[in-house]
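Asks: Here is how the chains run, residue by residue.
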Amino acid sequence: MDLALKPEHKAFADEVRAFARANLSPATKAKTFSGKHYDKDDHIQWQKALGRQGWLAYTWPRKYGGPGWDVTQRFLFENVLAEEGAPRIIPFGPKMVGPVIYTFGTDEQKERFLPGIRSSEVSWCQGYSEPGAGSDLASLRTKAVRAKDATGDHYIVNGQKTWTSFAHWGDWIFCLVRTNPEAKIQEGISFLLIDMKTPGVTVRPIVMLDGAHHVNDVFLDNVKVPVENRIGKEGEGWTCAKFLLANERLGIAEVPSSKRGVRSLKDIARAEPMDGRTLADDPAFTAQIADLDLQVQALEMSELRALSTMALGGAPGPEVSTLKIRGSEIQQRITELTMEAVGAYAAPYQPGLLFQDTNETPVGPDHAPPAAPRYFNFRKTSIYGGSNEIQKNIVSKMVLGL
Amino acid sequence: MDLSLSDEQKQLQDAAERFVRDKYTFENRRKIAATEKGWLTENWAQMAELGWLGMAFSEEDGGYGGGPIETMIVMEQFGKGLVLEPFLPTVVLGGGMIAKAGSKAQKESLLAPMIEGKKQFAFAWLERQSRYNLADVSLKATKEGNGWSLSGHKGVVYNAPSADHIIVLARTSGSAREEKGLTLFVVDAKAKGITRRDYPTQDALRASELTFDKVSVGADAVLGKVDDAFGVVEDAVDHAIVALCAEATGCMDAINAATLEYIKTRKQFGVPIGKFQVLQHRMVDCFTNAQEARSMTLMASLKIDDKDSVVRRKAASGAKVQIGKSGKFCGQSAVQMHGGMGVTDELSVSHYFKRLTMIDLMFGNQQHHLTRYSNLAMAA
Ligand SMILES: Cc1cc2nc3c(=O)[nH]c(=O)nc-3n(C[C@H](O)[C@H](O)[C@H](O)COP(=O)(O)OP(=O)(O)OC[C@H]3O[C@@H](n4cnc5c(N)ncnc54)[C@H](O)[C@@H]3O)c2cc1C
Ligand SMILES: Cc1cc2nc3c(=O)[nH]c(=O)nc-3n(C[C@H](O)[C@H](O)[C@H](O)COP(=O)(O)OP(=O)(O)OC[C@H]3O[C@@H](n4cnc5c(N)ncnc54)[C@H](O)[C@@H]3O)c2cc1C
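Going line by line, the protein sequences match chains A and B.
Numbering-wise (our numbering), the first sequence opens with residue 12 and increments by one.
Numbering-wise (our numbering), the second sequence opens with residue 300 and increments by one.
No wet-lab data here; the hints were simulated from the structure.
Watch out, some of these pointers could steer you wrong.
[Unchecked claim] Only pairs whose alpha carbons sit at most 27 Å apart, straight line, appear in this in silico BS3-like list of lysine-lysine:
#1 A/Lys253 to B/Lys566
#2 B/Lys627 to A/Lys277
#3 B/Lys566 to A/Lys195
#4 B/Lys627 to A/Lys403
#5 A/Lys403 to B/Lys563
Working from the sequences, and respecting the hints, build out all of it.
Replies: Printed below as a string of structure tokens:
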């Protein structure tokens, strides 16, 4: 056992850093550190650069066009990119549907879909949740009925998906649909890939509490989907869904960005005036930062332990749920303390500075405008990807046997 | 001991409840928040007519002889409706300081019209470096003939866009952060030399950054004694804190009620989610938190006019700590129990959550008041 990096890993980290410095647009990087929201171009340009380098699908095996990195390399890659201020990779293609396709898809499907995911040429979104099916995902009701016409075998899909992140940027959506209303609820579900340009697909924005627009309702009205867009057998969509959720939960511990968050919190504390000195001179406040710092360390080490199990060929088990729980709580605590560090100047609401390219100046210090909106917005992290209550149900059942 | 409301106080509570029910449905509030000034003249006129703008002032000051309990009753209902009219800056802070420190002439020219609904105030104390320290004031007032000249900056001044007068805390002598050497000035909001930058706040109120560039005022603009404003300010802010605590208890009641209703009706896994014990217990904790908040607010409202300043200060800080803690718990829990719906703009929960969050940051957050309380308690 050894925590220290081997020389070849140091060289690898340097390579990643050099790549980020050469390829990440300064404007995008500035948004990361100022807390401004990215637009689609920020994400796509960066992801395309990663794609050209063969690094976008960095968790994939070589066989499917991934770099075939070991656990340490992935860890370094994520950390260095976070330090350099890269936007997080939108997970729906490379981290979610990609692995589903190469694990459960046919050779034709792999050839058809994987290249666009690896290059970020095609943007994906996730159509799981419905108004009536959130935590109880398996109760989903979007219906897909088999039909045949001159153009071949297809499904006619009807229903509504909701909370669909980045559907407004999506070219394709992967959906869980009910293909057999008679079967046991999990067994009647299939996994379909739907081109968002198909007639009958409508996207409607949902405004979040901080004014942000990331999520959407997606209405599916007699949408015709060729049968060859189904991944896995009919009725086996739930297997794909669960496989994907386990991957999703690992990704959303967000350790590298939390480390960045703690660093920036320290910077803010050093910059915030208090009684002629700074907030960093207030032991009551710095103790709270230190506590958070330690929480991040515990999380990171737990994640490394999980990754190391995976490196030895183990699949991510239900214990990754604990990473998601703690990861979300830590992210929320960072945003909370950051807002408290800003104090009274967290009150001015300047949406122009968060969402648009305006030359408006901040009312208070530069770090103030995103502080409260981020705190509000990040309440989502204990809700999405399976709420923390649901994660705890999973741990108590699957890990503790309750 | 008697902790029940008098008949008159019950009538006041009913009237405030009615006002909120009629004027502050969630959809109405959304419309009011979207207007240019962010509150309604007709609502303000109605508050004047109902006597709310004068209820906490003595009869000799033109008021109706009530006090902090009356303020508590009304603010609690305002919290339930997320009322946007500038009661706190105008009546509690501005009116409170004028009643406490104002000359007879000032009471006649400022307080009387305020009670009639004809004048509004904003209180400019905070500066970029002040954080929560009321004495950390560097805006300077220097003698100029018979009067004064004010220069410097004030920040996050609530209701400045609508105020007729800005009550400015300025340094007239002493060094940075010294309590001695502070003076209050009542300045015409349109005075030459004041530049305003207006903005909405996270919780749909309005505030401004104010720059004072050699703003000339007469000697009669001084509120209270020169160099001796700190006590008046601290006391007014402590009263405002207690009023905010009452508002927060109203917010908590409303957000808890909305959440309880939601978990009874939202179904997952074939049952209302309120059937899950983890949510039941969290809901119970929300109610417990709101109860504690209400208790501490009542305690503070009863003590805030105490003769002993240590008692007053401890009461305000103690209640503010509780409100910070309970408000955060209720706000975060409500959002969590609403699932995705909780983080949308569409439902009222997120709006209560934002208001509760901002209340914590006003006049010192939970941590600040815990420190202040502990300094006072350990000294005694
Ligand atoms: C910002 C955001 C982005 C999202 N992006 C996507 C996306 O891209 N694609 C997608 O498909 N979905 C997405 N989601 C949806 C997300 O997965 C759901 O919000 C989540 O699964 C919770 O479902 P719900 O919102 O319906 O809440 P509900 O299921 O109604 O839950 C409400 C409350 O009840 C609790 N609860 C429910 N069941 C139980 C139980 N058995 N025991 C104890 N407590 C329980 C929950 O924990 C929660 O606190 C997103 C959500 C958000 C907020
Ligand atoms: C110091 C002491 C003095 C006592 N004095 C008296 C006395 O004078 N007379 C008398 O009659 N009894 C007395 N008791 C007994 C006391 O009332 C019981 O201990 C208590 O009711 C809990 O029962 P239990 O110990 O069997 O624990 P259990 O009922 O077995 O509970 C174990 C744990 O499970 C939890 N739990 C149980 N059911 C549920 C549920 N439905 N939902 C969630 N959690 C649950 C409990 O909260 C607890 O954490 C005393 C106990 C103590 C410790």
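Asks: Tell me the hint numbers this structure goes against, listed in increasing order.
Replies: Violated hints: none at all, because every hint is consistent with the structure.
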